[in-house]
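> For reference, the chains in residue letters:
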Amino acid sequence: MDSKSRNATLIIGLTIAGMICAQAETRKEMHFKVGRHATVSITNQYGPISVRPAVGREVVVTAVLSSDKVEVDQSQRGSRVDIFSHLLANADATSGQVSYEVAVPADASIVLHASSGQLRAEKMRGDVDFEEATGDVDLRDFNGAHVHIKTLDGPVTLTNIQDGYVEVTSMGGDVMMNAVNGPMVQVNSVSGKIMYDGDFGAGGEYVLTSHTGDIEAQAPAYASIDVFARSVTGLVVNDFTLEPEHTPFAIKAGSAFAGTVNKAASKVKLLSFSGKIHLKKR
Amino acid sequence: MTCEQFQELLPEIGGGNRNPEYETHLRSCQECWGLVSDLNAISRQAPLLQASEEPGPQLWNAIESALRDEGLIHSARQQPVLVLKREPRWNLAWMLPAAASVLIVLGVLNYQGKIHSISTESAPALTTQSASVQGPVMAAFSVEDQKFLTAIAFRSPTLRAKYERGLRDVNAYIRDAQQSALSDPNDEEAQRYLMSAYDQKAMLYQMALDRFQ
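The listed protein sequences correspond, in order, to chains A and B.
Numbering of the first sequence is given in the numbering used here, commencing with residue 1 and proceeding in unit increments.
Numbering of the second sequence is given in the numbering used here, commencing with residue 1 and proceeding in unit increments.
The hints are simulated quantities; they were obtained by calculation from the structure and are not laboratory data.
The reader is advised that the hints may include incorrect statements.
Derived Cβ-Cβ restraints for the label pairs, each shown as a range [claimed, not checked]: (1) A/Gly254 <-> B/Glu188: 20 to 26 Å; (2) A/Gly56 <-> B/Glu188: 47 to 53 Å; (3) B/Cys3 <-> A/Ser41: 30 to 36 Å; (4) B/Thr2 <-> A/Lys276: 55 to 61 Å; (5) B/Thr24 <-> A/Asp239: 52 to 58 Å; (6) B/Asp210 <-> A/Glu101: 21 to 27 Å; (7) A/Leu235 <-> B/Gln191: 20 to 26 Å; (8) B/Gln191 <-> A/Glu243: 24 to 30 Å; (9) B/Ser183 <-> A/Glu101: 47 to 53 Å; (10) B/Thr2 <-> A/Ala253: 58 to 64 Å; (11) B/Glu144 <-> A/Ser41: 25 to 31 Å.
Chain A residues, not near chain B, derived (Cβ > 10 Å throughout) [said to hold, decoys possible]: (12) Glu29; (13) Met30; (14) Pro48; (15) Val55; (16) Gln74; (17) Gly78; (18) Leu88; (19) Thr157; (20) Asp199; (21) Glu216; (22) Gly259.
From the three backbone atoms N, C-alpha and C, an ideal C-beta is built for every residue, glycine too.
Kindly produce the complete structure, drawing on both the sequences and the hints.
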């Protein structure tokens with residue numbers, strides 16, 4: 001067989017394979033009319049879920065199923081919508097994959113459970129409850145929401161979360177926060193790094209805790225904080241000039257610091273066992 | 001209306017028979033409001049339990065035995081007064097979460113038993129090999145952790161390694177946090193730090209239960 005024939009055979013083969021793949025992939029669109037403050041829950045073993053705000057009071061779920069070894073179950077009870085990727089016999093991480101694009105009213109609460117695949121949501125006002133084993137979690141442009149995220153080792157990125165009640169529990173994934181503030185921001189990590197870049201708002205409580213992961217918090221000079229930081233065996237570094245304050249325990253130089261900056265509107269606690277803690281001035 | 005009166009009438013309220021007096025009390029009493037919220041939550045979850053696979057009689061017997069051991073229920077012969085007294089329907093409802101918890105624990109144990117019998121019956125050589133390979137590794141975990149990992153391995157062998165690593169890390173977290181808390185029992189932050197460590201372990205277990213239930 002000469003090279004032209006071989007190329008032609010290859011192209012035909014690839015075309016047929018592509019057609020087979022295209023046929024196996026199924027697109028399913030579901031529409032649900034909901035009231036105010038609806039709840040949308042999606043459980044997906046494999047594949048990404050992306051959530052964005054919708055116009056009007058309709059939830060639109062577009063699911064792309066990678067094969068016939070997975071089904072999408074749906075149910076609606078009033079303003080609660082449940083979507084579930086149902087794996088059939090012999091489904092694996094490839095054939096069981098479902099990609100979801102979800103449009104929900106901005107005030108809806110979202111509950112997403114996934115094993116792998118990115119979870120992404122943007123421009124929402126409702127509460128968020130994400131549980132993810134290994135994939136990325138990416139949230140941006142939220143306002144006034146309760147955000148609960150649990151992850152095993154997927155990285156978490158939070159960007160522009162205003163007036164939020166944020167609670168992140170991560171085993172090994174890094175947690176990155178950019179312009180995140182609100183009455184309560186709590187991050188608890190075992191080995192992942194915690195990075196905060198923002199001004200700590202005005203009047204919130206920020207508790208960043210890790211076991212071995214480093215904690216790096218960066219704030220502008222105008223930040224108004226009452227800060228306490230301690231690493232039992234790790235290094236602690238502070239770039240701010242702190243007004244000293246009384247603590248109920250002795251502060252050991254190099255492993256802890258405490259004090260206030262400006263009017264100390266927000267409480268900031270940075271705690272680690274062996275991770276390095278660095279409070280940086282921007 | 002007193003709390004006692006309100007609670008006596010709970011079965012009627014649960015049946016949808018509400019009046020303004022109930023509503024006024026409900027709004028003003030946090031305890032009764034919490035009770036009604038709990039009952040509503042149980043009512044919502046009950047159909048899901050009903051829809052699930054009916055456990056065998058052995059499991060129900062085990063639950064009954066566990067509840068008796070805990071002193072939560074007593075036999076009619078020992079406590080005849082309980083039989084004679086007219087109990088409102090809702091009084092039994094509070095036992096549902098307790099029974100569900102016992103059910104989960106027994107379910108895991110039962111599951112573990114099944115895994116063991118499957119593995120010993122179908123692949124004894126593999127089991128021996130696995131035990132010899134995993135022995136030193138598994139020895140680092142408590143009995144509960146080992147059961148937890150075995151259950152995960154049965155459902156998702158690929159996730160087992162992740163959970164095992166996570167469990168090892170979180171156990172180290174708890175150990176270090178305990179040492180910190182013990183070194184200065186008056187250190188409030190050290191106590192909170194310990195709670196954070198336990199939160200991590202609770203999350204790990206909860207995620208597995210959510211995923212594999």
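> Could you check the structure against the hints above and give me the numbers of any it violates, in ascending order?
none
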